[in-house]
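Asker: Model the full assembly from the supplied sequences, consistent with the hints where possible.
One letter stands for each residue in the lines below.
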Amino acid sequence: MKVTVPIPVRKVYEIKGPKRVQEILDELGLPYESVIVIYEKRLLTPDARVPDEAEIEVRPAISGG
Amino acid sequence: MKCTKCGEPAVVPIRRHNAAFCTEHFFEYFDNQVQRAIKEHRMFTPDDRILVAVSGGKDSLAVWDVLLRLGYQADGFYIDLGIGDYSKRSTEKVLNFAAERGANLRVVSVEEEYGLGTRELARKVRRPACSACGLNKRYLFNKVALEGGYDVIVTGHNLDDEAATLLSNVLHWNTGYLARQSPVLEASAPNLVKKVKPLYRLTEREIASYAVLRGIDYIVEECPMAKGAKSIQYKHILNQLEELSPGTKASFLFGFLERGREHFEEEREQVEVRPCRLCGQPTTGDICAHCRMLQRAGVAVAGD
Numbered sequence: 001m002k003v004t005v006p007i008p009v010r011k012v013y014e015i016k017g018p019k020r021v022q023e024i025l026d027e028l029g030l031p032y033e034s035v036i037v038i039y040e041k042r043l044l045t046p047d048a049r050v051p052d053e054a055e056i057e058v059r060p061a062i063s064g065g
Numbered sequence: 001m002k003c004t005k006c007g008e009p010a011v012v013p014i015r016r017h018n019a020a021f022c023t024e025h026f027f028e029y030f031d032n033q034v035q036r037a038i039k040e041h042r043m044f045t046p047d048d049r050i051l052v053a054v055s056g057g058k059d060s061l062a063v064w065d066v067l068l069r070l071g072y073q074a075d076g077f078y079i080d081l082g083i084g085d086y087s088k089r090s091t092e093k094v095l096n097f098a099a100e101r102g103a104n105l106r107v108v109s110v111e112e113e114y115g116l117g118t119r120e121l122a123r124k125v126r127r128p129a130c131s132a133c134g135l136n137k138r139y140l141f142n143k144v145a146l147e148g149g150y151d152v153i154v155t156g157h158n159l160d161d162e163a164a165t166l167l168s169n170v171l172h173w174n175t176g177y178l179a180r181q182s183p184v185l186e187a188s189a190p191n192l193v194k195k196v197k198p199l200y201r202l203t204e205r206e207i208a209s210y211a212v213l214r215g216i217d218y219i220v221e222e223c224p225m226a227k228g229a230k231s232i233q234y235k236h237i238l239n240q241l242e243e244l245s246p247g248t249k250a251s252f253l254f255g256f257l258e259r260g261r262e263h264f265e266e267e268r269e270q271v272e273v274r275p276c277r278l279c280g281q282p283t284t285g286d287i288c289a290h291c292r293m294l295q296r297a298g299v300a301v302a303g304d
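Sequences listed follow chains A and B, in order.
Going by my numbering, the first residue of the first sequence is number 1, and it counts up by one from there.
Going by my numbering, the first residue of the second sequence is number 1, and it counts up by one from there.
Please note that a few of the clues may not be correct.
List of simulated lysine-lysine pairs, DSBU-like, C-alpha gap at most 30 Å [said to hold, decoys possible]:
1. B:Lys88 to B:Lys137
2. A:Lys19 to B:Lys5
3. B:Lys5 to B:Lys137
4. B:Lys137 to B:Lys39
5. A:Lys2 to A:Lys16
6. B:Lys2 to A:Lys41
7. B:Lys230 to A:Lys11
8. A:Lys2 to B:Lys93
Here's a subset of chain A near chain B, in silico, CB distances under 8 Å, partners left out [as the list claims (entries may be wrong)]:
9. Ser34
10. Arg42
11. Asp47
12. Ala61
13. Gly64
Residues of chain B placed beyond 10 Å of chain A at every Cβ, according to the derived structure [stated by the list, open to error]:
14. Glu24
15. Phe27
16. His41
17. Arg42
18. Asp47
19. Leu95
20. Val144
21. Ala187
22. Lys194
23. Gly260
24. Glu272
If you're looking for bench data, these hints aren't it; they were derived computationally from the structure.
A virtual CB, placed ideally from N, CA and C, is assigned to each residue, including glycine.
Answerer: As structure tokens, this is what we get:
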């Protein structure tokens, strides 16, 4: 599957699926509390299973300044 | 994962409440948290004229959206900071948001006002960019709210912002700041407009979820001047604690507001506030910090 993390610098990861959202976040080292996960304009919960052919966005929710 | 209220598939889990919600019940939860904040702290009433400080980011657009939906008289106020393409994209998001909802929006451009953008202003006065920008924003919020006859200024500060500020203030024992930290900053002097934070009970993840589910097109990228900001580091650390023990951020902040802050009350400085000799805005000195900053930057200040 293709996993896009848009910030701080846009990165696209290829991760072998199917996998649960929590497993993907663990692989990326991102806590669920800091992000939202978007698939086809829907939000995914940590237990959601993502198919190998999917393209998802892991969008950091933290901002500062 | 199922919605705690109706059993339909959930879209937003909220571990600190041991709950998860479908879209409909998440919106209900979100509105309830905002209304609870407004009521408990007597932030404003439907009769008040509200000025919402918006940046184009998720928090400020979400708070504006929820206040408009709840029927409050909420106008937006956007400061074009003149930070290159970032500001151009932010401006576009805010203008589109207001146009889609038929909402009133006031816009001030830092470049048009002072002849230079935030980056240049900070460089000229040798201040960190976030410090010059913050001073500018606080000044303009109050000035525009006063001139427009608004009763209250709303900002998009959330639970993570407030918990990170609290952590920073505790780590440095900024007791004066601890005495003042609150979801409501009262109009404690003439010409000072009350400031409130209706999103302080909601986390950034909940607010980002709300924005996406409501179809709010916000600016996702971070302000280029805020890269490496301490506040972001503190938020990451707090979220690591939250993962280990859900509810940590809320109990840290709410516990402080309910039981901790009172112990710092005597640290609250009693200062005399008077009008700035140049601009008339409230200040503790002869000339306010904002006018002093503009003078140092070589910007002509009215009355100087």
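Asker: For which of the previously enumerated hints does the structure constitute a violation, in increasing order of number?
Answerer: 3
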